[in-house]
Structure formats: structure tokens, C-alpha cells
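I would like the entire structure built from these sequences, with the hints used as guidance.
Residue strings, one per chain:
Protein chains: 2
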Amino acid sequence: MAVLVTGGAGFVGVSLVEALLDAAHEVVLVDTVDVPAGADRSLRQRRGALKIEKVSVLDRESLATIFGRYAIERVVHAAAITSGASREARDPARIVDVNLQGTLNVLEAAREHDVRRIVYVGSGAAYGESLYRFPVVYEETPSVPTSLYSITKHAAERTCMRLADLWSVDAVCVRLGTVIGPWERDTGARDNFGTHSQLARLAVRGEAAILTAREVQRDWVYAKDVAHALSELAFATRLQHRLYNVSSGAAWQQPIAGWCAALKSSYPAFRYATEDAQRKANIWYTDRDRGCMDIGRLMRDTGFRPRHLMAEAYSDYLAWMKRTPEFFEQMSGGERSA
Amino acid sequence: MAVLVTGGAGFVGVSLVEALLDAAHEVVLVDTVDVPAGADRSLRQRRGALKIEKVSVLDRESLATIFGRYAIERVVHAAAITSGASREARDPARIVDVNLQGTLNVLEAAREHDVRRIVYVGSGAAYGESLYRFPVVYEETPSVPTSLYSITKHAAERTCMRLADLWSVDAVCVRLGTVIGPWERDTGARDNFGTHSQLARLAVRGEAAILTAREVQRDWVYAKDVAHALSELAFATRLQHRLYNVSSGAAWQQPIAGWCAALKSSYPAFRYATEDAQRKANIWYTDRDRGCMDIGRLMRDTGFRPRHLMAEAYSDYLAWMKRTPEFFEQMSGGERSA
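These protein sequence lines are chains U and H, in that order.
Reminder that position 142 of the first sequence reads as 142 in the numbering used here, one-by-one numbering, no gaps.
Reminder that position 111 of the second sequence reads as 111 in the numbering used here, one-by-one numbering, no gaps.
Hints listed in this document are in silico derivations from the structure and should not be mistaken for laboratory results.
This structure is a prediction, so every number in the text was calculated from the model and none was measured.
Possibly wrong hints are sitting among the right ones.
What the hints assert, rightly or not - Which stretches of chain H does chain U cover? Using the computed rule of at least three CB atoms under 8 angstroms from a CB of chain U, they are:
#1 84–97
#2 158–164
Claimed, not checked - With the Cβ distance kept under 8 angstroms, some of the chain H side facing chain U (calculated, not the full set):
#3 L104
#4 I151
#5 A155
For every residue, glycine included, the Cβ atom is placed at its ideal position computed from N, Cα and C.
Written as C-alpha cells, this is what we have:
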């Protein structure tokens, strides 16, 4: 019995596939892009069996073929366009297609092949403005989505729940917090490139980072913790709810300064300073400070506990960087937009 | 300069086109279905000029042609699938297509042809569960959409606002309450057939209506008042907000009993009774009692006042029934689903 992961070559996807393979699962990785440099090696050395299918979630026929080919028991649907403003202005129809019709296609294929559970990887962005209005958001906090990304992620999540009811399918939805960790890169589907990833790239190159004066307040969550939470939800015998926040549960203290210091300790040539009249910041920061996403529900209903708070996350991230130099040779920049 | 109305042959659409023609506007009616029997006569005798274009909002090329052919100054986008549960289980992809991609297509055509304002005809259904949790819903009340209809109408409305920002287009969205009035019929796009329309049909045929024991509490709004509100919003010089509730603003008292009595006075052969052990109800009722939609914002920002509360609405509806016998000869039943 296999686990199918859409968007499996993406940022969160690779960490999830690694975790599933470590748990000796057979994994069918579905994506339109190749896994990043270094990931193939990382994935092949693990216990489970990996199949890679280069297919779009918009291609219903190929999806049906894949679901027919493997004994898919569980699906984690993570394929999406993480759009920024410029793409939303330029190509809204494609964002709606991938994020919403793509989700329908995956749900339909899963239903036709009697999949036991579908995990929909939604986003904290679905809360929209509520993230900036409340210090903490719970799963019951109202959603006020404004960007097309948040609108489509919200709509797709609600659609999963609706069709789960109408079709008697077992579906659970998550809202991810702001993820940091290995494998983030420009795949053509991700417009907002994380602050940590930008800094990591400069550090590897021995270049200088010019930071903005302000720190960022955010309850970052490490990609391996996300993978852990998704696995728990995919395999839990019984779940009390259909929507779960996935985050570290608390804001990180001085995360950017801390990351710069950690990078400097491993990459001595790396330099960083705060912007001033002479030098403008060359790092794109995540947008406004947000409220924390409460993870009490996730912790109560599954065995999940955040294992990588800031120190553990940075240590693991640095170890991965050292282990995976080819990733940085291949990696190109992300579109800078919000 | 013309007003283009998508879904112009639909329930609300025909009343809106009548109102616009009465105000001597040139109207381009866009729809995939023909206007109902009796509507052609009704529309042709009015002051403005009417063009009918039988085109789907999914057909981007034809939309572009139409926008190129006429000098479209304002757009009212009312085309949608008003889906019930059975259609949502059967064909979710088409509902997403028409309600969301269709809206994108109309927005894009309007933008390319420098339309001065777009009015998006959304639905109170976008409030979702909030309609059943609160006695009154305001435009700022959180939305908790659950059906695919409510999810797509909510998403389309939010998408209008997002693209209005990104594209510097003037767009305003409305959420309609539960509409009653002339021209409601099965067009293939409307699954929840109104209680008043069902009773009207039985009355015209001289058949018996068996009612459920309970009355329905709802702030119905008469189709002509909706047309009035949409016209006000389409032509207002400046609007303070981008979202307006459109309703009568207050629950109607004993609306079903009142409508039956009104019908009986005009159609003496009509009989009605409450269901009992022998006779099951043959009228499909609108779903749960809902909170009222506040219309303070609409009244403050436009000249709108509800002109047809229950008595005026029923009187006007009966006059229309007498004047339009051919409508009832043609009319077929709606799908009965929720």
C-alpha cells in the first residue's frame, strides 16, 4: 500500500517524502518538476520504495492512470501555486486552475480508487486578515482571505470538506504556518522566497546580507516538523476534526539575527549588517508580523509535538546545508513579490 | 454607452434588464439560455435598446468579441450555477468553472475594454453558517461557507476585490438575500426552486398545495427591489464600500400563509392545506431559518429603499402572473435538492 504525494518535489513535499520513506512506506511522488539537486540521493538511500511520476494535477487522465497503477492507500495533496501579487495580476486563471480544479481532480481520483484518507495541505494564508488582527488564530477563527492565493487555498480546503461529506470520503485539511527548512527553491510555483533560504544562499556564496532594521515576528515551523504532522494526520486511526493548524505554536525570538549568527559560525566568509543610508537591504522579508497559529488541537488529536524549535531547526538546517552542497550550486532565485 | 448583464435571461437577470431598459439604457443581455416565455414581449416594449448575445461566460473569445462590438460602460455579472447538493456531488468541476473561472473571464474582458464599473452579483450564501448563527448579518460578519455554491460565490467575490486592486478596476460586490418574484424557472443552472414560485405554479394550474406545518422565517427580497439596488450600485458616482448586502432588511411575517391567501384570491380553484398523516407536503421549502441581512450600508451609500415589502411584492407578483400566462405554460419544474 502506497502513499501518493502531489507536489512531492516541492519545498514541503521533499521533506514529507523523506519522512514517509524513513518510515518504510512506498511513496508515489507526483509533481511537474524534478526533485532538487541532492534530493534524489537523499531519497534513494532511505528504507521505503520511491516512484516518481512527472504529472500535473490538472491532467485528469494521467492521474487516473497513476491511481490505477499503484495501490494508493493515502494521499497527501500538496501541489499548489504559492502566488505573489505579480503572478496574481498576470495569470489568475492558472492559479484558480491549479489550486482549485487541481484539488478537485485529486479528490475525484482518490474517491474512484477507494483511497482511505486524503490530507489536503492548505495554508495559514486561508485565515487572511485574521492573522494580522488576532495574536493567536485557532481553527475556528474566521477566515478573511484577500490574496488570490489565500482565496483559492481557503476555497479548496472548504471544497475538500464539502465533497468529503457528499462522497463519504475521509479527508482532513491542514493549514501550514510559515515553513523554513531544506529544499526551498524556485520551482516556478513559489513566488515568496523565504528569508532564511535567501540568507542561506548568501552564506554559502560568502556574500554579504544587508538586513532591514526590523526583526520579523512569526511562529516559523521547520519543514521536518511539518512532515511529521502530515504523517501523523495521514495515518491517525481516528481524527476528531477536519481542520488542523500546523505550526511550531510560538513566535521565534530574534529569528533573523539568530539565523545570521548560526550561518556565520558555519560559513565564516558570510557577513551581515543592517541597512543604512548607503546600503539598501538585499533580503526580502516575509510580510507583516502575524499572530501565532494555535496547535493545541493537533497535539491533542495526534502524537505531534514540535521537535525543532529555533535552535534545533537551525542546527539541523546547517547540517543539511553542509551535506547537500549541490543544492546550492543548482539553486536559482525566487521571484521577489508579495 | 451600454450595460452588459451576464445571466441576463435568469431569474434576477430579467428583472434587472427590464429596469435598465425602463431607464432608457442600452442593454447587452448575455446568457446561454433564451429569455423565458413572455419576457421577450416584456423587454421589447420598454424604452431602452436591447441586444441579446447567446454566449457562455466560459467562452473567452466570444466575450471579447461582444465587448469589442458594443460600447460597454458598465457590467453586471450575474451568471452563475445556483447548485444544490446533488449537482455538487455530481459535477463540482463545472460549478467551479462557471462561478469562478467565468467571473475571471468577465473581469478580464471588462478590464481590457476599460469598463467603468463591474457589479458582481454574489450571494448571501457566501456567509455560509453565519446566516444560522446570528440574528443579523452585516457585511463585516465572518463568512463560513460550506456548500460548493457558497464556497465558489465567496471565492469569486473575494477574487473580484483582489483583481480590482491589482488591476485598478472599479468593482463592487453584492450579496443577495433570498429573492422572490417573476421569471424564476428551471434554466438548468438553478437547483433550489423557490417556495413562492412552486406555489404560483400550482395556483395557475388550479392544483392543491400541501404545506409543511412550519412557516419559514426569511428576509425575502422582491426581484424588482434587487434590480433597483443593482442599478443604483452600477451607476452611483462614488461608493464607500466594495461589498453590499441586498435584501428587504426584515423578516416577512407568515410569508407562506400570506402568499397562499393572495394566490387563492386571484385563483379561486387553488387549494392549500397543511400536511398530515395522509398527505405529505408537495412543496419544497427553503432550508433553515436564517438571520436577516442588514441593508444599512446600502441605504446609506445609495438611494436604495426597499419598495416591495410583503404586501407590495405579492400584489405586484400577482399582477405579473395575470399579465404573463405564457410563462406558466412553458415553465417546467426545478430540481428539488439542497
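A quick look at each hint next to the structure:
1. Here the region 84–97 of chain H counts 7 residues with a CB under 8 angstroms from a CB of chain U, which clears the bar of 3, and the coverage holds.
2. Taking a C-beta to C-beta cut-off of 8 angstroms, the region 158–164 of chain H contributes 5 residues in contact with chain U, enough for the three needed, and the coverage statement holds.
3. The criterion of a C-beta within 8 angstroms of any C-beta in chain U is met by H:L104, whose closest approach is roughly 5 angstroms, and the hint holds.
4. Contact between H:I151 and chain U, as hinted, is supported at the beta carbon level, the nearest pair being about 5 angstroms apart and thus within 8 angstroms.
5. Evaluation of the H:A155 hint against chain U yields a held restraint, the C-beta minimum of about 4 angstroms falling below 8 angstroms.
Violated hints for the displayed structure: none, as all numbered hints are satisfied.
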